[in-house]
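Enquirer: In case you want the letters, here they are:
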Amino acid sequence: MTFLHWIGETIREQLLHVPMWVARWLFIGLLLVLMGWVVQLPVAAVTPPGRRSQWYEDLRIWAWLALMFQIVIYSVF
Amino acid sequence: MSIHLGPVDYLVIVSYLCATMVIGLWVGSYVRSGSDFFLAGRSLPWWAIGMSLVATDIGGTDLVGVGGDTYRYGLVMGNFEWIGCVPAMLVAGFVFIPHLWRCQVTTIPEYLERRFSSSLRTVVAACWLLLMACNLGVMLLASAKFMHTLAQWDMSVSIVVTALLVGIYTWSGGLRAVVFTDVLQGVVMIAGCLMVLILGIYEMGGFEPFVDKVHDAVHARRQREKEARPLEELAEIGDIERSRERRSDRKSNHFSLVQPVDSPSPGPWPAILFGLALVVSPGYWIGNQSIVQRSLGAKSEYEAKASYVYGALLKTLIPFMVAIPGLIALVKFPELGHGEADRALPMLVGYLLGEGWRGLFVAAFLAALMSSVDSYLNSATTIYVNDFYRKFYRPHADEGLLLAIGRWTTIGFVLWAVYFAFQLMVIPAGLYTIFQTMMSFIVGPTLGVILLGMLSSRNNAEGALIGFIGGVLTSIGLFLLNQDFVADWLNIEPLFRIGQAYLYYSIWAFISTILLAWLFSYFGKPDAPEKRRYSISEWKPFEEAAP
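If you read the sequences in order, they're chains A and B. Residue numbers for the first sequence follow our numbering, so the first one is 3 and each next one is one higher. Residue numbers for the second sequence follow our numbering, so the first one is 3 and each next one is one higher.
So that you can see chain A by itself, here it is in the shape it has in the complex:
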């Protein structure tokens, strides 16, 4: 066994100890963190500049929706 094999095997052994429900929550957690980040984006960064924008032009809504779909999918499947 080479040094590289040893590194890979050590990481693999550690990952095998992670319960599957924790792994699933890591996926969902990543999506939840992104949702939080999207919500706090400044209005100027998510709407058209130089004019008053409509509600549906706020990109946070659609990004949030895309992430919501992902959370539902990773919760169900």
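What the hints contain is simulated information worked out from the structure, not anything from laboratory work. Hints may contain errors.
Quick list of in silico lysine to aspartate or glutamate cross-link-like pairs, EDC-like style, CA-CA up to 20 Å [unchecked claim]:
1. B/Lys228 x B/Glu337
2. B/Lys301 x A/Glu11
3. B/Lys215 x B/Glu227
4. B/Lys301 x A/Asp60
5. B/Lys334 x B/Asp486
6. B/Lys228 x B/Asp218
Following the hints, position chain B against chain A.
Expert: This is chain B only, laid out in the frame that chain A set:
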């Protein structure tokens, strides 16, 4: 089994091809300059870019291949479109793409020169150009093979006709033609796949009966495989597999997106989360010229952001259309072995669809193929003209000359792609695998240098160049150490336990790039302020930066 196509099917296919050519040539008639050809005169709307992003990402082989892989491994393949796209697209759309758009660059390597150095630009451009040029041939051949399986079309004719059709409208209209034909191709692709999905679920008697039937089919397949295995092989089955087989209920994990570490599928959860979601996917959506180029041609910074958000929403639907049919095929044709799984979708299409509708599915396949080939063709041309011809040969070339060179280069790449596809037919299968794995060699290092360049002003040009080269060498080294012939020669075991370890090459290549770049930057001198101002934290618009 192949799909039998009747006259009405051919009428549908020819109509689709004619519509594509009309749109491509009509849009091309408005192209007057190099800027029009490479960035569509920065006039593209968000909805066209968003659909084009999705259409480009799904190649013809993906359409059939994902169905086959879902037949083999289950819904885990959906990860490549869900967590393997949506998070990265949103982060790219809000942070990285707007910054590239503000910098007014035409290519990713051009950004790397402005932020770091000319050497890094040339090295990165050469790597991507090589990848794209090879990929053109790989895509043409792989799709011709599928067309041969699908409809018994002659492979040589498929290669030449596809290259010719795509070449004509890309030659004429450049990026604008690519994006607007992608819109049509995206609609045809979604319609064709949606039709198979709806008819398939209806045939199963609804979604819940369908789920039960999939579990039953997987259970029956396991029983067959178990009976066929010799006793000593059974003893080698891993703990997870054994416990799964012992479970009293008949539920399989064919619907599970999160798969164990030792899963035989291409998507064990660490590879999906750390390799796909955190490295390969961001590298693809931020660093792949054939993807990013269309958003650099957006009308405004807001439209560039909106296109990525819209693309992310569309991506949510894609696995239902390309992966679920693989599960429907599993219920209808459970007898196919692992090696024959790629036949699952053509068999399902032949079974479910009548004349005319089968033509629509083949048109959807062609749409998926053409939307990817045209993007790679246009982006390879853009990199060659901007990062080599213009940089080294004619720095002051006018817009008319750039347009002419762009069109000639497009013809050159079409000829090359056809030639290379024919060469690939006769080379050993191992080399073919290398070309398919090449993306994983450079996507991690590219992401590494882009992130370091944009997010930190402390990293310097030498560090970035050494980091990129070190990252590429790392992934190539890992690839070689995982090949059986190298392992036998060195008398060691192959490095990774899963068959398709490319996600792991990318993780380690990315980590190597970051560490090397950071190390050499830490001990080296910082870049000049005119370089550092291209990082996000020190960004100044051009007028403010002017003395």
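Enquirer: Compare the structure with each hint and give your call.
Expert: Here is what the structure says about each hint:
1. B/Lys228 x B/Glu337: Distance of about 14 Å is within 20 Å: holds.
2. B/Lys301 x A/Glu11: 50 Å, violated
3. B/Lys215 x B/Glu227: 18 Å, holds
4. B/Lys301 x A/Asp60: 17 Å, holds
5. B/Lys334 x B/Asp486: Answer violated: B/Lys334 to B/Asp486 is near 36 Å, above 20 Å.
6. B/Lys228 x B/Asp218: Roughly 15 Å between the alpha carbons, so the hint for B/Lys228 and B/Asp218 holds.
Checked against the numbered hints above, the structure breaks hints 2, 5 and satisfies the rest.
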